[in-house]
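K.L.:
From just these sequences and the hints, can you work out the full model?
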Amino acid sequence: MVKPKDQDPGEAGLVFTAHNTHHERCGALPRLRNTDNPGLYYGYFENRYGEQFVFTFDRATGTGTVSGGDLGWDDPKVFTRGLLDEALRSTQGRAVQLKGSDAMSKLPVIDAALALGRLTGL
Numbered sequence: 000m001v002k003p004k005d006q007d008p009g010e011a012g013l014v015f016t017a018h019n020t021h022h023e024r025c026g027a028l029p030r031l032r033n034t035d036n037p038g039l040y041y042g043y044f045e046n047r048y049g050e051q052f053v054f055t056f057d058r059a060t061g062t063g064t065v066s067g068g069d070l071g072w073d074d075p076k077v078f079t080r081g082l083l084d085e086a087l088r089s090t091q092g093r094a095v096q097l098k099g100s101d102a103m104s105k106l107p108v109i110d111a112a113l114a115l116g117r118l119t120g121l
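The numbering of the sequence shown is numbering that gives the first Met the number 0, which starts it at 0 and goes up by one.
Per label pair, the in silico range of CB-to-CB distance:
{"#": "1", "residue 1": "GLU23", "residue 2": "LYS98", "range": "33 to 43 Å"}
{"#": "2", "residue 1": "THR16", "residue 2": "THR64", "range": "15 to 25 Å"}
{"#": "3", "residue 1": "ARG24", "residue 2": "ARG88", "range": "30 to 40 Å"}
{"#": "4", "residue 1": "THR64", "residue 2": "ARG88", "range": "20 to 30 Å"}
Calculated from the structure, these hints are not laboratory results.
No residue lacks a Cβ here, since even glycine has one placed at the ideal position from N, Cα and C.
P.N.:
Structure, rendered in structure tokens:
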């Protein structure tokens, strides 16, 4: 690993940092490091309203968790690949209703995040 000059040692190898924008009453913040479990997929999403979410997904088991400030950082919601696929199909179906039959092929990848939001009730 190449260490850039004048880099804080605590940031060595760091690719991304997201600072919490939620009140402390939203719970203890998740402390995720992708080196803790290399078999997990880690993701972060923040929408235009400042709502933040982090999620992990275990490819081997097909299960994951999502945490968010508005959900309560310390109360992660569990989901399965099946539930996520169902929510995505529902989101795609809604797009077709609103935009027409060619809308599904034009949906951006971010719609998976919208589907995840539907899973969590936000």
